[in-house]
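With the hints as constraints, model all of the structure from the sequences given.
Keeping their order, the protein sequence lines are chains A and B. Each residue of the first sequence is one higher than the one before, starting from 11 at the first, in my numbering. Each residue of the second sequence is one higher than the one before, starting from 55 at the first, in my numbering.
Don't take every hint at face value.
Heads up, simulated EDC-like pairs for lysine to aspartate or glutamate below, C-alpha to C-alpha not over 20 Å straight-line [as the list claims (entries may be wrong)]:
(1) Lys-391(B) / Glu-82(B)
(2) Lys-178(A) / Asp-476(B)
(3) Lys-383(B) / Asp-117(B)
(4) Lys-147(B) / Asp-401(B)
(5) Lys-388(B) / Asp-401(B)
(6) Lys-223(B) / Asp-242(B)
(7) Lys-298(B) / Asp-444(B)
(8) Lys-126(B) / Glu-115(B)
(9) Lys-139(A) / Asp-227(A)
(10) Lys-147(B) / Glu-316(A)
(11) Lys-472(B) / Asp-453(B)
(12) Lys-178(A) / Asp-261(B)
(13) Lys-449(B) / Asp-319(B)
(14) Lys-147(B) / Asp-56(A)
(15) Lys-126(B) / Glu-316(A)
(16) Lys-414(B) / Asp-339(B)
(17) Lys-388(B) / Asp-431(B)
(18) Lys-103(A) / Asp-476(B)
(19) Lys-362(B) / Asp-339(B)
(20) Lys-477(B) / Asp-110(A)
(21) Lys-149(B) / Asp-56(A)
(22) Lys-149(B) / Glu-316(A)
Only some residues are given here: those of chain B computed to face chain A with a beta carbon under 10 Å [as the list claims (entries may be wrong)]:
(23) Ser-89
(24) Tyr-90
(25) Ala-96
(26) Ala-136
(27) Glu-141
(28) Gln-164
(29) Lys-168
(30) Asp-172
(31) Ile-238
(32) Gly-259
(33) Gly-354
(34) Gln-357
(35) Tyr-473
(36) Asp-476
(37) Trp-480
(38) Gly-482
Simulated from the structure, these hints should not be mistaken for lab results. Predicted model only: the values in this text are computed from it and were never measured. Where is the CB? At the ideal position from N, CA and C, for every residue including glycine.
As a plain string of letters, each chain reads:
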Amino acid sequence: MFYREAGQFKTNYKADQAIFPILQDRIGLGIILLIAAIVLPLFGNDFFLNSIMIPFLIFSLAAIGLNILTGYCGQLSLGTGAFMGVGAYSCYKLVTIFPDVNILIHVLLSGFFAAAVGCVFGLPSLRIKGLYLAITTLAAQFFLEWAFIRTAWLYNYNDSGAIEVPTKTFFGLAVTGASASPTTRYFVVLAIVVVLTWVASNVIRGRIGRSWMMIRDMDIAAELMGIKPFNAKLSAFAMSSYYCGVAGALMVFMWLGAAEVESFNINVSFQILFMVIIGGMGSLIGCFMGAALIFILPITIRAAPELFGLNIGAATAEHITQLIIGSLIILFLIVEPHGLARLWQIAKEKLRNWPFPYG
Amino acid sequence: MRLKSLVLGVAATAIAVTGTLVTAHAEELYVPSLSYRTGPFAGGGIPFANGFADYLNMLNERDGGIGGVKIKVEECETGYNAQKGVECYEATKGKGALVYNPLSTGITLQLIPKAPVDQIPVLSMGYGLSAAGVGKSFPYTFTYPTGYWSQMSSILKYIDANGGLKGKKIGFIYLDAGYGREPIPLLDKLAPKLGFEWVGFPVAGKDMQNQGSQWLNVRKERPDWMIMWGWGAMNATAVKEAAKIRFPLDRFIGNWWAGAHADLDPVGAAGKGYLAANFSGVGADYPALQDVKKLVVDAGKSQTAPDKVGDVLYNRGLFNAVIVAEAIKAAQEKTGKKMITGADMRDGLELFDLSEVRLKELGLGGFTGPVKGSCADHEGGGSVFIQQWDGSDWKRTTDLIAPMTDVVRPLLEEAAAKYTSDKPGWKGQECG
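Structure follows, in structure tokens:
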């Protein structure tokens, strides 16, 4: 009754091809953005912003990056963590070499280094597909991890081997380092994630995105229709790695504050792959849903016993969390193999008829 | 109907319990414990967390807390993962946390810049950043009783006393992470000075249990002594591999994180002769430990199995709690307040003075060497001793070996200056 587009007539092509053609969707998005930009920073405490919202947004961005490659272009990758690492380390080096340049410019530039590295490791995708490609991206993961440990120049020859974030300001406001307030960092991350998501949604709807999906659905047919696999696959690798690189730079500079190689290990790659699979391959909103399920839910479950005054040990809570998350993943994949995004779509379709299913 | 009343009942109880918990918070000294009872390093994390919690709970039982205020130890599971560690930090810092003991170099590195901002000290007891022992540069970080570099110098002293260092070749096998690489700058500096040669054998974190190639290299290089900076499953594997290539185990020394019961129990008799550094007494024959056993463990108020009291890492965790308790006491005496803050705790840690007399009073005579901190010295000048595995248990074999402070201290100060040099807003402190 409430969610239906009856009566919303489009009078020009522009309106017809808008990202959100339905009025209710636009209102809904506006409300979500309003909550994200005003309500959460106003009412959320430090823990909520610092340990839940900021990493959630960063992981969503990384999931969007992987989704571009895996969900839209059909190239399976296990190197996400390493590409995030490339972004983080290059951002760190940029900050050391050009300390006077604005940190936001560095964060956005660092993605290009990740994109370059991603292109190099994307080259095998021109010859091999599927699981075999996953193995070569796994090689990228191991090689880059090794390179991060072995190349002392990358971490400025620190004895600890970790990269540590200096305090940087933006219009006199500290945005990185320990003295930056969580609210400031949250706004920076939110702004970058919103803008990059918007860019991604437009690229995917356009010529480049369509060529990716053609390659994904059937590469030989796509080639016969004039799509160059070289351009399509490598552009997907480049854009995907760019997003992962920016996410990695944000992760270190806006969230962790210091990082060792372990922050970019194979587990991160898997975690983000799970976000994409559970959220929904080939869906941007799915990236956010997947990140929420994989990242926020464990924290909530862990905090739940204390909230209800139950005193169970920290380790027990951790075990229970893993049990619940594991079974939820299986449950969701059985109920809907196409991920949470598909569930959401079904819900929306049902909503159109609700509450008069035969009307 | 029955279900409905059940749900209502549960909800009502929950609310009631929450209410009592919230009121109980007010008059307690809150000490978070970032523990890891899960994950690949749980073998070391569990006894440490147990020892830490048991000692503070024993103080609650025996003395009614510290200065008449009970201590509340709350564990937060990190799984030895730096990201989860930071999450735990954020979740607990608002509850009046006095001090953080992360038991992970990775987590410590993340917390060091946060500590001065939130004014909660970090006590990285014998791990973390070695340079953090320089109080002038790191007002909120402490490495009592001593740091990695000092420990390495003590181990070198031991080697020097047992056949000399000059002209010898030292093999250094280490976990290829921030932790394992930490003493390398010191080896580089000391090697020409003391006239020995060293060669490194890095072990990647995922190859901890697969060290065949490293030990093949050891065989090729033929070092006179081996030193290990290992943790978790790496230690047992290394000792087994060393035995397999017939490396003399009494010339193989682990650091204080590579010499616990958890490491050598799986090796058993094959590991006989293996040496390790330690700074917390071996066994449970101390009055304080007997109190812990009687009042906490046997009373069923602990997660510890009775025969695990006195384990190397259990005692290590207990020693960590001793430092925390003594610092709380010092802070209470200095401020005259019973409820102290993180900033008071920092002052208390600087006043920390664990003399031989005080150790006796605590029921820990001979447990460790005297440790004394100051504004400038956040390392405490503690010493290590060497213990040896006799095939089934650890036996202490040496007296305390003091570090080469004269060599190490300037290097620490240099490293501290380097750490702060690229951080323009970093605040040190003036020491009178």
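Each hint, compared with the structure:
no.	hint	result
1	Lys-391(B) / Glu-82(B)	holds, 13 Å
2	Lys-178(A) / Asp-476(B)	holds, 12 Å
3	Lys-383(B) / Asp-117(B)	holds, 12 Å
4	Lys-147(B) / Asp-401(B)	holds, 18 Å
5	Lys-388(B) / Asp-401(B)	holds, 8 Å
6	Lys-223(B) / Asp-242(B)	holds, 13 Å
7	Lys-298(B) / Asp-444(B)	holds, 18 Å
8	Lys-126(B) / Glu-115(B)	holds, 12 Å
9	Lys-139(A) / Asp-227(A)	holds, 13 Å
10	Lys-147(B) / Glu-316(A)	holds, 16 Å
11	Lys-472(B) / Asp-453(B)	violated, 35 Å
12	Lys-178(A) / Asp-261(B)	violated, 38 Å
13	Lys-449(B) / Asp-319(B)	holds, 14 Å
14	Lys-147(B) / Asp-56(A)	holds, 10 Å
15	Lys-126(B) / Glu-316(A)	holds, 15 Å
16	Lys-414(B) / Asp-339(B)	holds, 13 Å
17	Lys-388(B) / Asp-431(B)	holds, 19 Å
18	Lys-103(A) / Asp-476(B)	holds, 12 Å
19	Lys-362(B) / Asp-339(B)	holds, 13 Å
20	Lys-477(B) / Asp-110(A)	holds, 13 Å
21	Lys-149(B) / Asp-56(A)	holds, 12 Å
22	Lys-149(B) / Glu-316(A)	holds, 13 Å
23	Ser-89	holds, 6 Å
24	Tyr-90	holds, 8 Å
25	Ala-96	holds, 8 Å
26	Ala-136	holds, 6 Å
27	Glu-141	holds, 5 Å
28	Gln-164	holds, 5 Å
29	Lys-168	holds, 5 Å
30	Asp-172	holds, 8 Å
31	Ile-238	holds, 8 Å
32	Gly-259	holds, 7 Å
33	Gly-354	violated, 14 Å
34	Gln-357	holds, 7 Å
35	Tyr-473	holds, 8 Å
36	Asp-476	holds, 6 Å
37	Trp-480	holds, 8 Å
38	Gly-482	violated, 15 Å
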